[in-house]
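Counting in the working numbering, the sequence shown runs from -5 upward without gaps.
In short, the hints are calculated from the structure, not lab data. Think of the CB as a built atom: it goes at the ideal place given N, C-alpha and C, for glycine as much as any other residue. Incorrect hints may appear among the rest.
Said to hold, decoys possible - Cross-link-like lysine to aspartate or glutamate pairs, in silico, EDC-like; alpha carbons within 20 Å at most:
1) 100 x 77
2) 84 x 47
3) 84 x 41
4) 100 x 86
5) 100 x 53
6) 40 x 9
7) 100 x 41
8) 40 x 87
9) 40 x 86
10) 40 x 55
11) 84 x 44
12) 100 x 76
13) 100 x 87
14) 84 x 103
Stated by the list, open to error - Derived DEER-like restraints, expressed as beta-carbon distance ranges:
15) 32 x 5: 40 to 50 Å
16) 50 x 86: 17 to 27 Å
17) 3 x 108: 16 to 26 Å
18) 86 x 33: 18 to 28 Å
19) 6 x 94: 12 to 22 Å
20) 35 x 109: 42 to 52 Å
21) 76 x 38: 22 to 32 Å
22) 24 x 104: 40 to 50 Å
23) 66 x 4: 39 to 49 Å
24) 60 x 109: 33 to 43 Å
25) 36 x 5: 43 to 53 Å
26) 90 x 52: 15 to 25 Å
27) 94 x 38: 16 to 26 Å
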Amino acid sequence: MVAEALVSSYGGLVEVRSQERVSYLVEVQRQVLVCQYVNCLANGSKDVLEAFEAISMPDLEVLAVGCQGQCNMGSTVRVLPDETWYCRVKPDDVPMILQQHLLGGKPVERLLHPRLHAQFW
-5 MVAEALVSSY GGLVEVRSQE RVSYLVEVQR QVLVCQYVNC LANGSKDVLE
45 AFEAISMPDL EVLAVGCQGQ CNMGSTVRVL PDETWYCRVK PDDVPMILQQ
95 HLLGGKPVER LLHPRLHAQF W
């Protein structure tokens, strides 16, 4: 791993950090951010997170995150780098998000946040 290299200058540190970012981006192509803040938790986001964590894809990273500012639409799931926002997601929706969006490249329209994806409404 690049981080094990000895760094003797600030320029060297910048170079190591840059190489780490590039190698990280190669490994992880997509991130799924699942809100775990109070309102989303009350709407079952813990179960949604567990459903996403059960997916085994080498280029996918699933992260539990804090409030994403869409509390009235929880459980909120955000897919990066596409900036796709899903709202009111239930664990039963995860297989469709996986098949249609993460594998097929087409967002699941019925779960898209209406304010952030107005072109679908």
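Against the structure, the hints come out as follows:
no.: 1; hint: 100 x 77; verdict: 13 Å, holds
no.: 2; hint: 84 x 47; verdict: 14 Å, holds
no.: 3; hint: 84 x 41; verdict: 8 Å, holds
no.: 4; hint: 100 x 86; verdict: 18 Å, holds
no.: 5; hint: 100 x 53; verdict: 17 Å, holds
no.: 6; hint: 40 x 9; verdict: 38 Å, violated
no.: 7; hint: 100 x 41; verdict: 23 Å, violated
no.: 8; hint: 40 x 87; verdict: 14 Å, holds
no.: 9; hint: 40 x 86; verdict: 13 Å, holds
no.: 10; hint: 40 x 55; verdict: 16 Å, holds
no.: 11; hint: 84 x 44; verdict: 11 Å, holds
no.: 12; hint: 100 x 76; verdict: 11 Å, holds
no.: 13; hint: 100 x 87; verdict: 14 Å, holds
no.: 14; hint: 84 x 103; verdict: 15 Å, holds
no.: 15; hint: 32 x 5: 40 to 50 Å; verdict: 44 Å, holds
no.: 16; hint: 50 x 86: 17 to 27 Å; verdict: 19 Å, holds
no.: 17; hint: 3 x 108: 16 to 26 Å; verdict: 51 Å, violated
no.: 18; hint: 86 x 33: 18 to 28 Å; verdict: 20 Å, holds
no.: 19; hint: 6 x 94: 12 to 22 Å; verdict: 45 Å, violated
no.: 20; hint: 35 x 109: 42 to 52 Å; verdict: 22 Å, violated
no.: 21; hint: 76 x 38: 22 to 32 Å; verdict: 23 Å, holds
no.: 22; hint: 24 x 104: 40 to 50 Å; verdict: 21 Å, violated
no.: 23; hint: 66 x 4: 39 to 49 Å; verdict: 45 Å, holds
no.: 24; hint: 60 x 109: 33 to 43 Å; verdict: 20 Å, violated
no.: 25; hint: 36 x 5: 43 to 53 Å; verdict: 49 Å, holds
no.: 26; hint: 90 x 52: 15 to 25 Å; verdict: 21 Å, holds
no.: 27; hint: 94 x 38: 16 to 26 Å; verdict: 21 Å, holds
In the structure shown, a violation is registered for the earlier hints numbered 6, 7, 17, 19, 20, 22 and 24, in ascending order.
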